[in-house]
Every structure is written in structure tokens, then in C-alpha cells.
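Enquirer: Okay, here's what each chain looks like letter by letter:
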Amino acid sequence: MSRWRLEDHARLSLRRIRAAFALFLLVSALAVAQLVDIQVLSAAEHTERGVRQRTREIDLAGSRGRIYDREGDVLATSVTSATIYADPRSFVPEVRVDGRTVPAAGDAVRVARTLAPLLERDADWVEERLLRDAHFVYLARQVDLRLGEEIMALRLPGIGMLTEPKRVYPGGSLAAQVIGFTGIDGDALQGLEARHDDLLRGTPGTLRFERAIGGLSIAPGTREVAPPVPGRDLVLTLDRDIQFAAERVASEVIERHGAQAATVVVLEVGSGEILGMASAPTFDPSALRDEEQAFWRNRAVTDLFEPGSVQKPLAIAAALESGAITPATTFEVPDRYRVGGSTFSDVSKHGTETWTPSEILARSSNVGTIMIAQRTGEEALRDQLLAFGLGAPTGLRFPGEVGGHVPAPDQWWATTLPTVSIGYGTSSTLLQMANAYAALANGGVLVDPVLVRGTVGADGTLEATAPPAARRVVSEVTAAQVIDMLGQAMDGDGATGTRARIPGYRIGGKTGTAIKVSASGGYAEGEYVSTFVGVAPLEDPRIVVAVMVDDPQGDYYGGLVAAPAFREVMHASLLARRIVPDSEGQPLAQVVEATRDAAAEYEAMRAAALAVERAAAEQAAAERDTAGD
Amino acid sequence: MSAVALQQPRRLRAVEAPVAADVPVVASGRRTLVLALATSFLIVAAVFGIVGLNAMTADLAVDARALELQVGDAERRYAELVAEVAAKEDPGRIRERALELGLVPSTAARHLALTRGLDADGLRRPDGGPVIADPLKPVLTQER
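Respectively, the protein sequence lines represent chains A and B. Residue numbers for the first sequence follow our numbering, beginning at 55 and rising by one. Residue numbers for the second sequence follow our numbering, beginning at 27 and rising by one.
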């Protein structure tokens, strides 16, 4: 190759290289521009698109907190359940866009027959669902997870399973009206479940992971978990054993007396803690469809009644507190008394008797109570009833709680004072009445009732709720005097509360029998509300039990219907709270010593008996020998 | 021509035929080969390393998923057992069973006054002291 040709070739190559370089630069510039667009200008959009394409986000349900009784026994909890669904498209042939027909993946009849016994359904019912014109139908919701796994193991076409939390109430109907329930989708609907839903409901979390085409998870891919925050557990003041006793007795009293309903409240004196709150008839929250909605009510806070004679101790407390009477004041009490144009009478006929307030209370004398109230005066009586918490909700803030009624000052007529003093013309809930007695038992200090002791978080520590509001409503002296009178109402001739007595304990209480208010206004002839409210032990009151029986048939007096029910509930409560009878509760050392003494005595007696037996045997043998000789 | 000279920018020009004695062809080729081999080895090792690490990561991720599932299963089972125990402890069920067995409520219960009281169940002491755990109810303590 000559020198000219070499230079010419080099020049040509240089030009080509420059052109190629320019082209390269141009392409590079375009690429860079595109990169700038992707990476900078539209970075957010592309990032989101990319993330959307390859990541999947799943909501992680925050588990709902449990509900415990005061000692940590579970009243409500959540478990994982299976929900079985079907895709009905799997049971019909599919006609594609190109006109081809793809046969159905499964045979609805065969699948229905297989599933029906497992789901405890009729095969026709299942088949009808499988053949619906839909993409998704539920076949069973919130069934046992093992059943779901069993069904999935059958690998039936078009059948799938989801897992979802299910609220369970291990005690069935135990405290059902208090705890309430959640719906199938976890929404709180009733009772404390609804009242404290904000605490119980957990915060959902998310799981974000990368997935490949087809939806499979990329194992080493990015995996971000925002863990769900479980709801706080609720620790109630209810004692499961006391609650059970209250419910059992309420159900039995309905059955025994053919009553419409029965309600029981058990309160701890001083703390305001509700140990039991039962309403019968009750319901099982696990089988809501079969239950009457009327049974869902927590009657102790939602139902008002005219308390009748159980309000008399409050009227006497008002008289004592106002200084109108003393425990020693006596009244000449006839069995009929005319006030404001109306005649009021005692239940039992009697001559004009000289009675102290204590005797008036023990005999539940209407006339005597009216006489006491007349000394008290309208304003003092009304103010005292309001101070006891009547006429306003208790502060429990239970869903559906009502406040009751105490007549306003301008509604007091000539007969209002006598009527109110004997428990008519006012209305209250059983909880209000129980709490008023608890105030008397607590030395005159009214404490708002509480149902929640505290909440438990993830660290397992019980955070106690704020102490309930407390206020003095009568002096300590007045309270002690009324409690003493309640004790006397249980004993002696004419006392109405004798059937409430519990061997070994001193009880104080009051019976009540009130004619029911009819729905149309006025009083319903022959329909009664029987009540008993009492405290124990009388020396150091710890527990208040209130029983209300709605419309018992046959016997209807509080002393016959409600007092025996009170006795059973109070006895169970005293045992559950480890309150020993007045005559018992010996120290363990003394009992051990006494047992040891008894054992030694037994051994000594046994040895003596053996010796006597041996001597007798020897004597008999000697006599035989003598006779033989 | 040395290797350094080759790396310097240069203009195209007519080249004279190289003098055989000035070009260490054999030595340069061997070094390049060694470099190429070493580079290839490194690349292959790196690729194998990355693939190996990736495989290990995938393996561990699968294990982690399996463990997560186990934990989930265990938690689920625990929740079921809690509900089951609570149902078995239900006073109504116990009473029913007791009646089936012919048991009757005691009418002559006796009571002992214990000198040592049981601590409250998990409540914080009023003086702000440590949380009291009820030995009978670990469910309200951290042991739950």
C-alpha cells in the first residue's frame, strides 16, 4: 500500500469514526434525556408504577383485645376461623371470545353433595349457591378452622377458603348482656364491646412484599411489615363465679314463679365495683339469630321500675339526715291513713301501734313511712333521693343506661310526698337502687359504680382505670343508723325479710312489692314487681345484692319471691369473695391445733376401746376355760 | 513501542513496518492472557458468589417465612387453647358436670382465716411501687 493511499484511508476512517461518534453522542443524548425523564422528571410516577407492578400489600388485622373477669378468667376472646367461599363461574362452561367453549371446572351437583354434610347444610342449598350468577358466594362464614382445612384438602374445584378472626364467648350466655357482642364483620354492636370498642379494637398493620409474574412471592425480595397493634384487653370488675350464681338464680326464680324477667345486681361496697349484673331471660351471643332481641337488654341499667318499699330506707335516711327524727322517735301508726284526699294503708291490718322508725321499716309500714316523710318535708326528701343518685344515670355510661325519674319541685301535689316516700311516683333502675344501699353501707359515701378495673396492654401489665367519683350523701351516723335498721328488718315478729337470712352471717335488707305501671298508663292490676335489696355482713358491709323479679305469678311479695333469691346470690357472693361467717374464720394455727387435739383424743379413745375389748375377750376366754373345767 | 506509549492519545499516521526486535510480542500476550484469565476468574467467582449469596438469602427467606407461619400457627393454636380452657372452666359447665356425677353443694362449709393474704391480681400498688402479680393468675402478668 502506498503512502498516499494510507493517508487517504486514514482520513476516510477518521471521518467515519467522527460520524459514528456523533451518532453515538446523539443516541447517548437521547438515552440520557430519557433517563433524566425517568429518573428525575417522572421519577415518582415511574417508581409508583414499578412498585405497583411488583409489590403486593396485604392488610394484617389487629387482633381484638380479650375481656377478662376481675380475676383474669376469659369472658371474650378471638380465634382464627375459616370462611368457605365458591366461585360459581367454575361450575358453568365458559364461552371464549373466539367462540370456543371451555368445559366447566367442576360439577356443581357433585361438589354440593360433598360439601353439604361438612357444612351441615342441605345439598340443594349448597347447589343453589354454586350455580348463582356471581363471581363469589359465601358458603359458610367463621366455621372451625380445622373444618376449613378439611374442606380445602378435598381440592374441590371452585371452592376456596379465607381465614378471618372470630369473636368467641367461652361462657356462652355468661354475662352476655354486660359484655355485649360484635357482628360477623367484627363491628362492636352491644354492651361493653361497643362501649369500649376504641380500646378493644386493634390497629391494622400491613405486609408489603415483592411478587413475580403469576403472583408468587419473591422470597429474597423486599418484605416490609408494619405490624398490627393488638387491641387492649379489658379487665372487668365482674367476678365470674358471682355472675354465674346471679344468672342461675335469676333464671331459676323466673322458672319457679313464672315471672317475665328477673334482674340481679351485686356491688362491692366502697369501691363501687360491680361484681355481678344478671338479667334473665338471657341469650347466647354465639347464636344471635335464634335469640329474641328483647333479651339483649342489660335490664339492670336499661329498665326502670317503681321501687316500692325498697325506697323506704332512703326516705328514713332523709328524715334522719334532716334531723326530723331520731332512731328513738316513736309514731302512733294506724293501718290506714288519709293524706291529700287519698287513703294509704298498710298491707297487713293492725291496730294503732307505737313504732320506732326501725319497727316501721321492719314491718314495711306504708303509713309509718308516710308519717316520717311528712316530718321530713318535700324538699328534703326530694333532695335526698337525688343525692342518692336517683333520677340521673349512675356514671357507668353503659350503652342504653337510663336515669329514672324523681318528680320536679313543681310536680309535687298533695299526694306526691306520701307516694314518693313509699317508693311510688319515682322510677329507678335496679343498679341505682343497689348503689344507694351501697352508699349507706359505705358510711354515707356514694361511689359511682364501675364495670372496668383496667386494661392490659402488650406488656401484660394491668393499668387500673381512674377511681370512680365519690361523694358524701348522708352522714356516717345516719348511714350506720339506717344499716342497723335494715338488720332489724330481717328479724323479729312481722319482719318481712326473714327469708333472706343466711346462717352464720348478719344481713341487713329490705323487701319491696310494687304494682307495675301499665304500658297504657296507670297501674296494672295484678302485676307486681318483687324486690329485695340487702347488705352483708352487717358489722362491716362488704357486698350489696339487689334482686328484682318482674311480674311473678302466684306469690308476688318481695319477701317470698325476691328474698330467697337474694339469699342464694348473697351467699354465693360472700363465699366467692372469701368473706367468712361471723362465727367462723379461725386462724389456721388454731384449727391445726384443734385438729391435732382431736386426733390425739381419738387415738386415746380408740386405745381405751381396744383395751376394753381385749379385757372382755380375755374374760370371755377365762369363762370358757372355767366352764370347760 | 512500549505498553505505555500505546495508551497515549495519538493521531492516525502512516506507520512504518515495525522492527521485529523492538516488539516484545510474546511477553505482552502472556501478560494479557494472565490478566484476562484473572479477570475472568474474578468475574466468574463474583457471579458465583453473588448467585450463591442470593441462593442463601432465598433459602433463609424461605426459612423465615416458614418460621413466620409456624409462629402464626402457634399463636392461632394458643388463642384456640385459651378459648377452650375458658370454656372448660365455665362455672355453668362445671356445675352441670358436678350434678351429672351426683355431687351436691356443701351445706356445712368451714372457713379458715389465712395469715398470708393473696396479692391483688396485677394492680399497681397505690404508692406507685411495682406491679403486684397474682400467683394464681399469670394471665395478667408478663408471663401470659
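No lab work stands behind these hints: they were computed from the structure. Be a bit skeptical, because a hint or two may be false.
Label-pair ranges, simulated between beta-carbon atoms [as the list claims (entries may be wrong)]:
no. : chain 1 : residue 1 : chain 2 : residue 2 : range
1   : B       : Ala81     : A       : Leu216    : 31 to 37 Å
2   : B       : Glu115    : A       : Ala518    : 35 to 41 Å
3   : B       : Arg103    : A       : Tyr577    : 56 to 62 Å
4   : A       : Gly312    : B       : Val130    : 25 to 31 Å
5   : A       : Gly457    : B       : Glu101    : 29 to 35 Å
6   : A       : Phe190    : B       : Ile76     : 55 to 61 Å
7   : B       : Arg103    : A       : Asp545    : 52 to 58 Å
8   : B       : Glu101    : A       : Ile272    : 22 to 28 Å
Bear in mind that the values here come from a model prediction, so they are computed numbers and not experimental data. Cβ coordinates follow ideal geometry from the N, Cα and C atoms, glycine included.
Enquirer: For each hint, tell me whether it holds in the structure or not.
Expert: Verification of the hints:
1. Hint check: Ala81 (chain B) to Leu216 (chain A), Cβ distance near 33 Å, so the stated range 31 to 37 Å holds.
2. At about 24 Å, the CB distance of Glu115 (chain B) to Ala518 (chain A) disagrees with the hint of 35 to 41 Å.
3. A C-beta distance of roughly 58 Å is found between Arg103 (chain B) and Tyr577 (chain A), which places it inside the suggested range of 56 to 62 Å.
4. For the pair Gly312 (chain A) and Val130 (chain B), the supplied restraint of 25 to 31 Å holds, since their beta-carbon distance comes to about 26 Å.
5. Between Gly457 (chain A) and Glu101 (chain B), the C-beta spacing of about 44 Å breaks the proposed range 29 to 35 Å.
6. At about 44 Å, the beta-carbon gap between Phe190 (chain A) and Ile76 (chain B) misses the expected band of 55 to 61 Å.
7. A hinted range of 52 to 58 Å for the beta carbons of Arg103 (chain B) and Asp545 (chain A) is consistent with their spacing of about 57 Å.
8. For the hinted restraint 22 to 28 Å between Glu101 (chain B) and Ile272 (chain A), the CB-CB distance of approximately 25 Å keeps it satisfied.
In summary, the numbered hints that this structure violates are 2, 5, 6.
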